[in-house]
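Enquirer: Residue strings, one per chain:
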Amino acid sequence: MAKSQELSVQEKKEVAPKEEKTVPARFYVPNADIFETDSALTVVMEMPGVEKKDLSIQLENEVLRIEGRIDFSKYEELEPVYAEYNIGHYARAFTLSNKIDQDGITADLADGVLTLTLKKAKEAMPKRITIK
Amino acid sequence: MPMVLSDPFEALLNLQAALEGAFRANWLESSPSGSGAYPPINVFRKGDDFVVIAEVPGIKKSDLDIQVHGNAIRLAGVKSLDYSEKASVHRRERLAGRFDRAISIPIEVDADKVKAECRDGILALYLPRAERDKPRSIKLA
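Read top to bottom, the protein sequences are chains A and B. Residue numbering for the first sequence is 0 to 131, as defined by numbering that gives the first Met the number 0. Residue numbering for the second sequence is 0 to 140, as defined by numbering that gives the first Met the number 0.
Treat the hints as calculated values from the structure; they're not laboratory data. A hint or two may mislead.
Straight line, CA to CA, 27 Å or less: simulated BS3-like cross-link-like pairs of lysine-lysine [said to hold, decoys possible]:
1) B:Lys60 with A:Lys11
2) A:Lys51 with A:Lys118
3) B:Lys85 with A:Lys73
4) B:Lys114 with A:Lys52
5) B:Lys133 with A:Lys73
From the derived model, a few chain B residues whose C-beta atoms are all more than 10 Å from chain A [as the list claims (entries may be wrong)]:
6) Leu12
7) Arg44
8) Asp64
9) Val67
10) Asn70
11) Arg97
12) Ala101
13) Lys112
14) Ala115
15) Ala129
16) Arg135
17) Ile137
18) Lys138
19) Ala140
In this text, all values refer to a predicted model and were calculated from it rather than measured experimentally. Each residue gets a CB set at the ideal place from its N, CA and C atoms; glycine is no exception.
Model the full assembly from the supplied sequences, consistent with the hints where possible.
Expert: Laid out in structure tokens, this is it:
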């Protein structure tokens, strides 16, 4: 099904922050998919150009905060002549509704896509009730 | 005298402003541009040569097809998302599908020397100008 569909361009959205940044540069919102299974919550985010070492993931007060930074020194000797997208760091935060096992978070970065798997805490797992 | 900026954030801001300046410049307009607009590209000049950079997050190298002929470049491929069927979806923003885009750049490219790199979801094409296409300076007799 997906194969027959023409892929369209998604405009990058700039971050509209609650708190202001101290730096003037622009941040963008990474496109994200979020899905849930019985045992875990998975967050998948597109952050092209971000390397592992420039990624920060924090979970505090049930707010998951992800920031990815671009190493733009690669662009130093390049003179732009035509542009269709802008380059910037990525930032996004989610408030999590389920209790998450803080030690059970795994992150994987591949081809510019960050996959975060957040294991649910035991008490947040759905319990199956058997009818007698 | 241009200021030397050592502050990396200032440097990023300058890059962002430079890109803004080149945004949808009518640079590619003179040439018919393929059937699609994906992936979005930025074109840079580096001396005589050109560098085309595209954001292709989540696309495997094996799913990318790059062709260069003369001054035409074709980027085609497919982006697929594979998620487990059992999951319930809260948010879906990423798109999947196929793409096929052709662009022409105003120099003739030495197709044998083109280098393509795909790392962290960024595709970079280094397009060296063909030797015969390079400008020659004429000495006045």
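Enquirer: Each hint: holds or not?
Expert: Comparing the hints with the structure gives:
1. The suggested pairing of lysine 60 (chain B) with lysine 11 (chain A) holds, with an alpha-carbon distance near 23 Å, which does not exceed 27 Å.
2. A hinted pair counts as satisfied when its Cα atoms are at most 27 Å apart, and lysine 51 (chain A) with lysine 118 (chain A) qualifies at roughly 21 Å.
3. Restraint check for lysine 85 (chain B) and lysine 73 (chain A): the C-alpha separation of about 41 Å exceeds 27 Å, so the hint is violated.
4. For the proposed pair lysine 114 (chain B) and lysine 52 (chain A), the alpha carbon gap of about 25 Å is at most 27 Å, so the pair holds.
5. Distance check on the hinted pair: lysine 133 (chain B) and lysine 73 (chain A) sit about 25 Å apart at the alpha-carbon level, within 27 Å; holds.
6. The Cβ of leucine 12 (chain B) does not lie farther than 10 Å from every Cβ of chain A; its closest approach is about 5 Å, which violates its non-interface assignment.
7. Non-interface status of arginine 44 (chain B) relative to chain A is broken: a Cβ of that chain comes within 10 Å, the nearest being about 5 Å off.
8. Non-interface call for aspartate 64 (chain B) relative to chain A: holds, since the shortest CB-CB distance, roughly 14 Å, exceeds 10 Å.
9. Every CB of chain A lies more than 10 Å from the CB of valine 67 (chain B), the least distance being 17 Å, so the non-interface label holds.
10. Every Cβ of chain A is farther than 10 Å from the Cβ of asparagine 70 (chain B); the closest lies at roughly 14 Å, confirming the non-interface assignment.
11. Distance check for arginine 97 (chain B) against chain A: the nearest CB is about 6 Å away, which does not clear 10 Å, and the non-interface claim fails.
12. With a least beta-carbon separation of about 14 Å from chain A, alanine 101 (chain B) lies farther than 10 Å from that chain, consistent with its non-interface assignment.
13. A cut-off of 10 Å between C-beta atoms confirms that lysine 112 (chain B) is not in contact with chain A; the least separation is 18 Å.
14. Every beta carbon of chain A lies more than 10 Å from that of alanine 115 (chain B), the smallest distance being close to 15 Å; the non-interface claim holds.
15. Here alanine 129 (chain B) stays apart from chain A, with its beta-carbon at least about 18 Å from theirs, past the 10 Å limit.
16. Listed as outside the interface, arginine 135 (chain B) is consistent with that label: its C-beta sits roughly 22 Å from the nearest C-beta of chain A, beyond the 10 Å cut-off.
17. Listed as a non-interface residue, isoleucine 137 (chain B) keeps its Cβ farther than 10 Å from every Cβ of chain A; the least gap is roughly 25 Å.
18. Listed as outside the interface, lysine 138 (chain B) is consistent with that label: its C-beta sits roughly 28 Å from the nearest C-beta of chain A, beyond the 10 Å cut-off.
19. Separation of alanine 140 (chain B) from chain A is adequate, the least Cβ-Cβ distance of about 34 Å exceeding the 10 Å criterion.
Of the hints listed earlier, those the structure fails to meet are numbers 3, 6, 7, 11, in rising order.
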